[in-house]
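Chains as they are written, first to last, in the numbering used here: chain A, 33 to 255; chain B, -3 to 260; chain C, 69 to 234.
There could be a bad hint or two in this list.
Pairwise CB distance ranges (calculated) [unchecked claim]:
1) C/Gly91 <-> A/Asp53: 22 to 32 Å
2) A/Met237 <-> B/Val109: 26 to 36 Å
3) B/Ala115 <-> A/Leu139: 15 to 25 Å
Taking lysine-lysine and the BS3-like style, the derived pairs with C-alpha atoms no more than 30 Å apart in a straight line are [said to hold, decoys possible]:
4) B/Lys45 <-> C/Lys77
5) B/Lys256 <-> B/Lys177
6) A/Lys189 <-> B/Lys71
7) B/Lys71 <-> C/Lys108
8) B/Lys71 <-> C/Lys139
9) A/Lys189 <-> B/Lys95
10) B/Lys34 <-> A/Lys151
11) B/Lys97 <-> A/Lys203
12) C/Lys135 <-> C/Lys108
13) A/Lys151 <-> B/Lys45
14) B/Lys34 <-> C/Lys77
15) A/Lys189 <-> B/Lys97
16) B/Lys163 <-> B/Lys258
17) A/Lys203 <-> B/Lys71
18) B/Lys95 <-> A/Lys203
19) C/Lys139 <-> C/Lys108
20) C/Lys139 <-> C/Lys171
21) B/Lys129 <-> A/Lys151
22) B/Lys163 <-> B/Lys97
23) B/Lys163 <-> A/Lys189
24) B/Lys135 <-> A/Lys151
25) C/Lys135 <-> C/Lys171
26) C/Lys160 <-> C/Lys186
27) C/Lys109 <-> C/Lys135
Anything over 10 Å on all C-beta distances counts as not near chain A; from chain B, calculated [said to hold, decoys possible]:
28) Trp155
29) Glu160
30) Gln164
31) Glu166
32) Ala181
33) Ala221
34) Gly231
35) Val249
What the hints contain is simulated information worked out from the structure, not anything from laboratory work. Owing to the predicted nature of the structure, the values given are computational and were not obtained by experimental measurement. Note that beta-carbon positions come from the ideal geometry of N, C-alpha and C, so glycine has one too.
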Amino acid sequence: MLRAIYDWVDERLDITPIWRDVADHEVPEHVNPAHHFSAFIYCFGGLTFFVVVIQILSGMFLALYYVPDIVNAHPSVSYLQNELAMGAIVRGMHHWGASVAIVMLFLHTLRVFFTGSYKHPREFNWIVGMLIFLVMIGLGFTGYLLPWDNKAYFATKVGVEIAASVPFVGKYIATFLQGGDIVGAVTLERFFALHVFFLPALLFMLLAVHFILIRRQGISGPL
Amino acid sequence: MAHNPEGNRKQVHYVGDSRVRADRPKLYPPDYSEFPGKTEAFIPDFLLKEWMVAAVFLVGFMTLVMSELPPLGEKADPTNTSFLPVPDWYFLFLYQLLKYKWASGPYVVIGTVILPGIAGAALLLAPWLDRSKERRPHKRPVATGLMIVTIIAICALTWAAEAEHEKQLESAPGRKPKEAKVIAADERGYQLYKQSACIKCHGDQLQGVNGPHLIGVGNKPGMSAEKIIEIMNNGRGMMPAGMFQGSKEDQKVLAEWLMKQKQK
Amino acid sequence: MSKKVSRRKFLTYMLGGTAGFLGAGLLFPMVRFAVDPVMKKGGGVGFVDVGMRVSEITDRPKAVQFKVHRKDGWYQPEEGELLTAWVMKDEKGQVVALSPVCKHLGCTVNWDSNPQFKNQFFCPCHFGRYYKDGTNVPGTPPSKPLDKYQIKIENDRLLIGPVNKA
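Sequences and hints are given; from them, build the entire structure.
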């Protein structure tokens, strides 16, 4: 049955070369934790992606109930966490996942740095990775405001103040982030839009480039 | 999974074939192929191992999620002046940096632009700054050293920020419980309290003014009359030492009276 | 050869099993979270005193407005949610409260509003009609009679509850 469906699609789209490239490419021994336990450091990148998948899924589900609006944001978060089955778990996955994602990303970056894997010919992928790091930090910063509790509000105020202290362009950055003169209704809406549309879109593009480059260039050799 | 190891692909007829062929020679031969060792196919051999690692990771992650509720504070209140702002932990180091004299006030640019800019640019341009062919960390001491110093600095700054925040929290005027009442207000302890300097920061109704409220201080875990005397003598957080000027006996009476302040 | 194939199969099954574990572990809480409104019993709306004496009710349908407090997720307006019922006495003198929601496509029906159809409920959207007892007039769009509210009478006062689910 599966075979027949595959053949039907393959006859039209010729997916076998892509599939075989993905499935059959050889993975070297030095990154395989089954051969050398210390090779688990090569798993950090994959685990970061796994956490990103957790974030995307839990974020999609949270959006079923969340409202980005200063009147309703806090009640809706409190409702989804306290009154719905598994609400605390799903929000917990997104909340703790954010921190875990940063930790894994940090570890992955350090692994790449200390094994010198950013060197020729992989310079470009290092740049892409750094951009992914920036986007993830941005996701963390914008997501922190969304529950609209005191912690979120005051942390964002501080963050915007820091941005405002940049010479020349600072006050424009601050106004852009706030969408006005204060951290308020417009700020919450923009942070929401950035958090769920703009930054994830950017993240997906960067991740695609990151993975395609890994596939093209292979994993860096053993030390 | 529909997998075709035999490679008996059916002939497909396209008009004007511009697709990339599967048997086209690869542009980048993976450099590890020069090294002897056991390589494995990605699917299913290697992916299975990777997903097993992911399964272990997921169990650990879900344990964390189920043991700690995600915090949700009170609804944002811009008029709340007593709230201590704290950014998410991964911004703490930057936050702490801005507290130092050389990176604040007129020099704030150092903390917000110059230092993060230098670090960010160096990280971004690492492949061009560290151009040697050597990959082992100990063979390129400058890069490794700089990175280790940076990590230590970030950890230290984060730790300092966390410690300072904890300290501030202890002596910050917190939010008092809804039903606040001075218990045993007719006792001598309350007289002593009102006569001493305590009242200036903790308020005439123990409600907290510049310092934290003392309502329910008696049922704080680990609190005792001795502990209160120790805090009075040595201070805590922002609270200076030696705030109680009266006699030892009076201090004891006051501490015991404070221990009576229990809230359900 | 056959050994090789079976090893490959085994690995593939293991891979499927691990994928199943990962997927189930991730998705179970999320799906349970998403379908929670389905699993929850409807938080019934209680009976509401509509401020009308039973003795005031005639055999002519009268539109009665009343407010119910329904918890809609995190949203619960202070003033409640305004509902309407057509209240009358039937031939046997029993009080009836009909829902004004047309069974065709959910527009609001009105009593005696169309001069062509005297003493009928009329729906302006697609000209659905109902007799006084709520039965749909055959040949008009609605296929079911109007819903009836549950009612209670206490001390000569009319209390209206949730709609009777047929």
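How the hints compare with the structure:
Roughly 25 Å separates the CB atoms of C/Gly91 and A/Asp53, a value that falls within the hinted 22 to 32 Å. Between A/Met237 and B/Val109 the C-beta distance comes to about 27 Å, which sits within the given range of 26 to 36 Å. Separation of B/Ala115 from A/Leu139 is about 18 Å and conforms to the stated range, judged on CB atoms against 15 to 25 Å. Taken as a hint, the B/Lys45 and C/Lys77 pair is honoured in the structure, with Cα atoms around 15 Å apart against an allowance of 30 Å.
Between B/Lys256 and B/Lys177, the direct Cα distance comes to roughly 12 Å. Compliance with the 30 Å bound is thereby established for this hinted pair. Of the supplied pair hints, the one linking A/Lys189 and B/Lys71 holds, its CA atoms being roughly 15 Å apart against a limit of 30 Å. A distance of roughly 27 Å separates the Cα atoms of B/Lys71 and C/Lys108; the hinted pair therefore holds under the 30 Å criterion. For the hint pairing B/Lys71 with C/Lys139, the CA-to-CA distance comes to about 20 Å; that is within 30 Å, so the pair holds.
The suggested pairing of A/Lys189 with B/Lys95 holds, with an alpha-carbon distance near 16 Å, which does not exceed 30 Å. Taken as a hint, the B/Lys34 and A/Lys151 pair is honoured in the structure, with Cα atoms around 24 Å apart against an allowance of 30 Å. The straight-line distance between the Cα atoms of B/Lys97 and A/Lys203 is roughly 22 Å, inside the 30 Å bound, and the hint therefore holds. Taking the CA atoms of C/Lys135 and C/Lys108, the gap is near 23 Å; set against the 30 Å cutoff, the hint holds.
For the proposed pair A/Lys151 and B/Lys45, the alpha carbon gap of about 27 Å is at most 30 Å, so the pair holds. Distance restraint check for B/Lys34 and C/Lys77: the Cα-Cα separation of roughly 21 Å lies within the 30 Å cut-off, and the hinted pair is therefore satisfied. The suggested pairing of A/Lys189 with B/Lys97 holds, with an alpha-carbon distance near 21 Å, which does not exceed 30 Å. Taking the CA atoms of B/Lys163 and B/Lys258, the gap is near 24 Å; set against the 30 Å cutoff, the hint holds.
For a cut-off of 30 Å, the pair hint linking A/Lys203 to B/Lys71 stands: about 27 Å separates their Cα positions. For the hint linking B/Lys95 to A/Lys203, the alpha-carbon distance of about 21 Å falls within 30 Å, and the restraint holds. A threshold of 30 Å between alpha carbons decides the hint, and for C/Lys139 with C/Lys108 the separation of about 13 Å falls inside it, so the pair holds. Distance restraint check for C/Lys139 and C/Lys171: the Cα-Cα separation of roughly 25 Å lies within the 30 Å cut-off, and the hinted pair is therefore satisfied.
Of the pairs offered as hints, the one joining B/Lys129 and A/Lys151 holds, with about 8 Å between alpha carbons and a cut-off of 30 Å not exceeded. Between B/Lys163 and B/Lys97 the alpha-carbon distance is near 20 Å, which keeps this suggested pair within the 30 Å criterion. With a CA separation close to 22 Å, the supplied pair B/Lys163 and A/Lys189 stays within the 30 Å bound. The hinted pair formed by B/Lys135 and A/Lys151 meets the criterion: a straight-line CA distance of about 14 Å does not exceed 30 Å.
Taking the CA atoms of C/Lys135 and C/Lys171, the gap is about 22 Å. The hint holds against a cut of 30 Å. Between C/Lys160 and C/Lys186 the CA atoms are separated by roughly 22 Å; this keeps the pair inside 30 Å, and the hint holds. With a C-alpha separation of about 21 Å, the suggested pairing of C/Lys109 with C/Lys135 holds against the 30 Å cut-off. Interface exclusion of B/Trp155 from chain A stands, the closest Cβ pair being 16 Å apart, more than 10 Å.
Non-interface status of B/Glu160 relative to chain A is upheld: no Cβ of that chain comes within 10 Å, the nearest being about 14 Å off. B/Gln164, annotated as away from the interface, keeps every beta carbon of chain A farther than 10 Å; the closest lies near 13 Å. Chain A leaves B/Glu166 outside its interface by the beta-carbon criterion, the shortest separation being 18 Å against a cut-off of 10 Å. At roughly 32 Å, the least C-beta separation between B/Ala181 and chain A is larger than 10 Å, which holds for a residue marked as non-interface.
Here B/Ala221 stays apart from chain A, with its beta-carbon at least about 34 Å from theirs, past the 10 Å limit. With a cut of 10 Å on Cβ distances, B/Gly231 stays outside the contact zone with chain A, its closest approach being about 27 Å. Separation of B/Val249 from chain A is adequate, the least Cβ-Cβ distance of about 38 Å exceeding the 10 Å criterion.
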